[in-house]
Amino acid sequence: MTEQLSRRRFIKGGLAGTVAVSVLKDKETQAAHDFEGYPDAMGVVVDLTRCVGCRSCEAACNKEQGLPEPAEPFDDFSVFDYMFHGQKRRTDEAHYTVVNRYEVPQLDHPLFRKMQCNHCNEPACLTSCFVNAYTKTPQGAVIYNSKVCVGCRTCMIACPFYVPTFKYSSAFSPRIMKCIFCYDTRLKDGKPPACVEACPQEALTFGKRIDMLEVAHQRIRMEPGKYIDHVYGEHEAGGTSWMYISPVPFDEVGLDTSVTREPILNYVKGFLAIVPMVLTIWPALFAGFHLLATRKDRIKESQTDENQEG
Amino acid sequence: MQPGKKMKQAAWALGLGLALLAPATGQAMSAEDAPESVEIDTLAELYGPVSFDHAMHTDVAQCSDCHHHTTGTDPTDPPCVKCHYGREEGETVSCTDCHAAEPFIQENLKKLENPEIFHIDKPGLKGAYHINCLGCHQEVGGPTGCQDCHQMTEAGEKRFDTGKFAPAGYRPGAEQHEPEKKHE
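So the sequences go chain by chain: A and B.
Just so you know, the working numbering puts 157 at position 175 of the first sequence, and the rest follows in order with no gaps.
Adding 72 to a residue's 1-based position in the second sequence gives its number in the working numbering.
Only chain A is shown next, with the shape it has when bound in the complex (with noise of 0.2 angstroms):
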């Protein structure tokens, strides 16, 4: 018996019936992979051709959500010089958005972008996310509620845009820190980012995610030769709320151009379905194998007792 059901063998049995019952899911997931965001989401279209780098979004930002002083003023643009390990500066923290300046070979002047959560239709540290820490509003915006979380910044290997980050500042009370997209004070009230309000440029467009991507599109068409002709953001990683149009190509202006078209999800989701499966049945399953595979030694092992005994 005990040969018959070699270590080897209990793997291989544990290992088809979760590839069966995995196979058996693809029929349900299938039906999410067509899903294009709530109708009514908002979102924001940021413009390349317009930010100046003024970054008035990230003094609103800072005051809005309560961040803590920055250690230079906001008027300071010696900031779009610093780099920290051959990188520009991104989010963290204290900084649920920034600005960072391009020098683009194309153009006589630089581009200026903003990064922030980009609010993905169907978000990737959402998904990742075990004890659901993260949702996706009605109108758009990812939250976040750090009573759940425990800490194990999962979500920030998931994004694709690597935008959450942790308050290393207080590791016991697990926080990960990223845009909400003003939800708790604006959005939910039908108002607009406080970065979007604070844009003297237009840099950044607020509405309804649909009515977006049509300003965007037109914005494209109207002035030939003025943009790619491509939203950043319209299909990326399944689709985000946020969506940039620029003059230059996208890997120019620190975008990812390699961000699949499909949402992060749907490459895990296979794998995802089955943890809860390895967590309850494996060890019920297992437990038993082993049961059976060592029931003989132990009657053996309890004859020999009582044979000894007497």
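The reader is advised that the hints may include incorrect statements.
[To be verified] Using 30 angstroms as the maximum straight-line C-alpha spacing, the simulated DSS-like pairs for lysine-lysine come out as follows:
#1 B:230 <-> A:149
#2 B:194 <-> A:45
#3 A:278 <-> A:-6
#4 A:118 <-> A:251
#5 A:208 <-> B:182
#6 A:45 <-> B:236
#7 B:183 <-> A:149
#8 A:251 <-> A:129
#9 B:182 <-> A:173
#10 A:173 <-> B:154
#11 B:183 <-> B:194
#12 A:208 <-> A:170
[Stated by the list, open to error] Covered stretches of chain A (in silico footprint by chain B; criterion: 3 or more residues with CB under 8 angstroms from a CB of chain B, positions within the stretch not fixed):
#13 49 to 60
#14 172 to 180
#15 198 to 204
#16 258 to 270
Calculated from the structure, these hints are not laboratory results.
Cβ atoms here follow ideal geometry from the backbone N, Cα and C, with glycine treated the same way.
Once you've looked at the hints, dock chain B against the given chain A.
Chain B alone, transformed into the frame defined by chain A:
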């Protein structure tokens, strides 16, 4: 009817009088009729009002560069001319009459749902000012610093953590874009 006839005559007289008083239609407004300067203060909050030297700008720009199709001249943007061609001057030439001060409030966003509407991408007032003014200044080499046009207010200094609200221990870096800015 006698009273009706009198009324009609009065109406004609009034109409003729008004026609004589009003500038001839179908012609462009004259730059000389425009104010010397305009105080742009409706949005002043973080920055003070802009004292706009209108007379000076009429020398360096065409009316339609800013007023598009409302001053009786054809717009300078090629796509606009398709519809706004050979138009008479508008009833109003003020920026605020077309560009909403709060473009993103629900009431204004609702208007985008009308399928008849062509101008789905009309900038708000703040956007219109900055895109037009700064856009031209960048092209022709006009002033482009924030405080070249409007001084930052105390509320602005608070918002930007600058001036007397600058972070403790902050020493301005070498690469400030605005040379005139003074740190108290």
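List, from low to high, the hint numbers that the structure doesn't satisfy.
7, 10, 12, 16
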